[in-house]
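> Each chain is listed here by its residues.
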Amino acid sequence: MELASLVVPLLAFTDAGLKYIGAGLAIGIGGIAPALAIGMMSAKAMEAIGRNPEAQPQVQSSLILAIVFAEAIAIYALVVAIMIGFIF
Amino acid sequence: MKNPKAILIALGALALIGFGFFFVRGPKPIIEIKGEPLWTSSSDYGEFLTPMILNTQVAGVLATLVIIFVCWRATRNMKLIPSGLQNAIEGVTEFLYNTSIQMAGEKNGRRFFAVAATLFVFIWINNWLALTPIYNSFGKVVPVDSHHFHEEAHILTEQGGISWIFPFKLGGDAPLVEFEVDMHEVDEIDAQIRQANLDKAPREEVLALKEEREEALHHAQELAIDAAMPGAANLDLSEEYAVCGEEPEVSVTVIEECKREINIEHSEEARLQLEADGKQVAVIYPYFRSFNTDLNSPLSLAFISVVFIEFWGITALGFFKYGSKFIRNPITDPIGAFVGFLEIIAEFARLISFTFRLFGNMLAGEILLLVMTFLMPFLVALPFYGLEVFVGAIQGFVFFSLTVAFGALAVASHDHEDHGDEHDLGEHDVPGDQQTAPAH
Numbered sequence: 188m189e190l191a192s193l194v195v196p197l198l199a200f201t202d203a204g205l206k207y208i209g210a211g212l213a214i215g216i217g218g219i220a221p222a223l224a225i226g227m228m229s230a231k232a233m234e235a236i237g238r239n240p241e242a243q244p245q246v247q248s249s250l251i252l253a254i255v256f257a258e259a260i261a262i263y264a265l266v267v268a269i270m271i272g273f274i275f
Numbered sequence: 002m003k004n005p006k007a008i009l010i011a012l013g014a015l016a017l018i019g020f021g022f023f024f025v026r027g028p029k030p031i032i033e034i035k036g037e038p039l040w041t042s043s044s045d046y047g048e049f050l051t052p053m054i055l056n057t058q059v060a061g062v063l064a065t066l067v068i069i070f071v072c073w074r075a076t077r078n079m080k081l082i083p084s085g086l087q088n089a090i091e092g093v094t095e096f097l098y099n100t101s102i103q104m105a106g107e108k109n110g111r112r113f114f115a116v117a118a119t120l121f122v123f124i125w126i127n128n129w130l131a132l133t134p135i136y137n138s139f140g141k142v143v144p145v146d147s148h149h150f151h152e153e154a155h156i157l158t159e160q161g162g163i164s165w166i167f168p169f170k171l172g173g174d175a176p177l178v179e180f181e182v183d184m185h186e187v188d189e190i191d192a193q194i195r196q197a198n199l200d201k202a203p204r205e206e207v208l209a210l211k212e213e214r215e216e217a218l219h220h221a222q223e224l225a226i227d228a229a230m231p232g233a234a235n236l237d238l239s240e241e242y243a244v245c246g247e248e249p250e251v252s253v254t255v256i257e258e259c260k261r262e263i264n265i266e267h268s269e270e271a272r273l274q275l276e277a278d279g280k281q282v283a284v285i286y287p288y289f290r291s292f293n294t295d296l297n298s299p300l301s302l303a304f305i306s307v308v309f310i311e312f313w314g315i316t317a318l319g320f321f322k323y324g325s326k327f328i329r330n331p332i333t334d335p336i337g338a339f340v341g342f343l344e345i346i347a348e349f350a351r352l353i354s355f356t357f358r359l360f361g362n363m364l365a366g367e368i369l370l371l372v373m374t375f376l377m378p379f380l381v382a383l384p385f386y387g388l389e390v391f392v393g394a395i396q397g398f399v400f401f402s403l404t405v406a407f408g409a410l411a412v413a414s415h416d417h418e419d420h421g422d423e424h425d426l427g428e429h430d431v432p433g434d435q436q437t438a439p440a441h
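Residue numbers (my numbering), protein chains in the order written: chain A, 188 to 275; chain B, 2 to 441.
Possibly wrong hints are sitting among the right ones.
To be verified - One-sided excerpt, in silico: chain A residues whose CB lies under 8 Å from chain B:
1) TYR207
2) ILE236
3) ILE251
4) LEU252
5) ALA257
6) ILE262
7) TYR263
8) VAL266
9) ILE269
10) ILE271
11) ILE274
Claimed, not checked - Examples of chain A residues toward chain B, derived with CB under 8 Å:
12) LEU223
13) ALA224
14) MET227
15) PHE273
Worth flagging that the hints you see were computed from the coordinates, not collected in a lab. Predicted model only: the values in this text are computed from it and were never measured. In this text, a Cβ means the ideal position worked out from N, Cα and C, and glycines have one as well.
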């Protein structure tokens, strides 16, 4: 009985369990900064469009390009998370 | 209650979701990161050099054929005032051309346009084709062994010449192992120890009894684990030996290993049972798989892009002028040498970020669609489908515009770094240099 009571709570912290915790943390933490960045950029772009509505096409195209740069960071985190989850 | 039509539509949607959820839910998705080989050469040159044809490559060939066919149809019967397909193609071409000119200037924009637009069209068509039903739906049936089956597999039944996949779940969650340690003997020895203590027996005798108790306890535990998990005795524990340096105790690792073995055993039994019923246990390697979901393909595209960027840089500035961006004399110009070193790293980072941006976006999209279709078929998956249409085009455009923008950076002579050197000021190797800076 004593052995069983010791072992069961530990099962969550095996290699497999820690692997999934790591994958979740990787994408979770990696998503914070891109989310903030995209939010800030969109806010500024909307401000710009509001001030100067004729400039909307230019603002929009450079906004998409800039967002993609920020999003790339999230994608790296995602790739790392997928690799942790499925490959290692 | 104002609009009975809307309520009817909502009810219909709910009914569709319910129907999809309860009746047409597909099998649990099997997520494979690598492209699956459809054909492998019989001669073996090792893991990395053996020639093979991946399903992503087949999809790439299909996309090429589609592009050729569409262009042929569009230009077969050209008119001065375009209409239909010709109009669409001209619209795309014109948009790309204008963007290229806008970003890199008249001269360089024209130069970069061909390669960058080709990359755009190829990526775009590939991404959109991957959303058609012929992708990921039918493929080569590859039987799996129990080790693989334990983790993931499909069950196929032949009915009228068609293989049907059935939802399947096995393994993965090992049954919770319960231990029933037989404390009978230990209790007896405990009683003996107590008696010996009461009788003021000699110390050696008590110690011997205590040792006996430890042994009995260990034996009882071993018996319990053996009863719960019959495979435990036959486990290969050489890795644990290597780590501990001695015979390992019964530990979490051992128990995990046991569970795996048991699962594989169960899987083997289940497989034999299924095969006796005329079903087949296999995984399916689809004939077509989205081109960019295998890391090799975006990497090759990124190579094309980066090689062309370097080529443009060298032809515009000359080999040594362009090379001086990266390698400088560290004694006369230590800061410049360091900056050049960083530039070299940035060049490789560019390659990697090109690759992973495309790969990550497309793979994540595929997985998202797969999982959403599995969880809630029909309506819930639809918005994500629309998102994938958007992302597929945007990623192609991003590849295009980054190629053009980096190309514009490469052909720009870097005189902003030469502020200290008076003799370099005002020297412009490239006419129209000011316009070559990227537009953003």
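> Can you give the numbers of the hints that this structure goes against, from lowest to highest?
1, 2, 5, 10, 12, 13 and 14
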